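Novice: Starting from the known structure of chain G, fit chain D onto it as the hints suggest.
The listed protein sequences correspond, in order, to chains G and D. Just so we're aligned, residue 1 is where the first sequence starts under this note's numbering, counting upward by one. Just so we're aligned, residue 112 is where the second sequence starts under this note's numbering, counting upward by one.
Hints listed in this document are in silico derivations from the structure and should not be mistaken for laboratory results. Small disclaimer: the values here were computed from a predicted structure and weren't measured. All clues stand as given, with none of them false.
Pair ranges (Cβ atoms, derived):
1) Ala113(D) x Ala39(G): 19 to 25 angstroms
2) Thr163(D) x Glu77(G): 43 to 49 angstroms
3) Ala39(G) x Thr118(D): 17 to 23 angstroms
C-beta: ideal position from N, C-alpha, C; glycine also.
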Amino acid sequence: GQNIDQPTEMTATEGAIVQINCTYQTSGFNGLFWYQQHAGEAPTFLSYNVLDGLEEKGRFSSFLSRSKGYSYLLLKELQMKDSASYLCAVKRLSSARQLTFGSGTQLTVLP
Amino acid sequence: GAGVSQTPSNKVTEKGKYVELRCDPISGHTALYWYRQSLGQGPEFLIYFQGTGAADDSGLPNDRFFAVRPEGSVSTLKIQRTERGDSAVYLCASSKGQAVDTQYFGPGTRLTVL
Numbered sequence: 001g002q003n004i005d006q007p008t009e010m011t012a013t014e015g016a017i018v019q020i021n022c023t024y025q026t027s028g029f030n031g032l033f034w035y036q037q038h039a040g041e042a043p044t045f046l047s048y049n050v051l052d053g054l055e056e057k058g059r060f061s062s063f064l065s066r067s068k069g070y071s072y073l074l075l076k077e078l079q080m081k082d083s084a085s086y087l088c089a090v091k092r093l094s095s096a097r098q099l100t101f102g103s104g105t106q107l108t109v110l111p
Numbered sequence: 112g113a114g115v116s117q118t119p120s121n122k123v124t125e126k127g128k129y130v131e132l133r134c135d136p137i138s139g140h141t142a143l144y145w146y147r148q149s150l151g152q153g154p155e156f157l158i159y160f161q162g163t164g165a166a167d168d169s170g171l172p173n174d175r176f177f178a179v180r181p182e183g184s185v186s187t188l189k190i191q192r193t194e195r196g197d198s199a200v201y202l203c204a205s206s207k208g209q210a211v212d213t214q215y216f217g218p219g220t221r222l223t224v225l
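This is chain G alone, in the form it adopts within the complex (with noise of 0.2 angstroms):
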């Protein structure tokens, strides 16, 4: 199948740290992608995994362990404008290119 589960909603604080986790089913994977998407815009490209370990790019962080078909986005000092919807997406090796996404995390920051 092709389930891919993410939390619904999560709350935050301003200048927090933040962990937004996603499952996925195992078979025939071939790469994990997350996204940001602010409400009523393009989603946007944050982290790509497609081994094990830990991804950092700045404030932002992905984790994927495989084996365990979970992955992680670690967002640190949060700010305001990190209020958005963070999407997971998996490829897999039997599908060619198209990605398969979970339904999303909404994320409010509060000050």
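Specialist: Leaving out everything else, chain D in the frame of chain G:
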């Protein structure tokens, strides 16, 4: 331009009408994708072009949906006999068509079928 552009940004139509949605990919990107996004959901794959040909159209929901990319650049998504359930944001993305293939999305066309 610098990014993927889509026109129109909003389209309101009546049930049963025909609509066309246009996508201009990033210059030099050989791969182009169409997705559909309903409120509160992630984008859902529709079709993927490599160059002029549709390499994967497995996501098109039925034969009312069709897409073309005649010169390997601009693409048009065509929907015949629109239904209220077609209402969604239609997103276009493009990529370089390489092994690590990050897709860059346009702002979308919000289609409302009355």
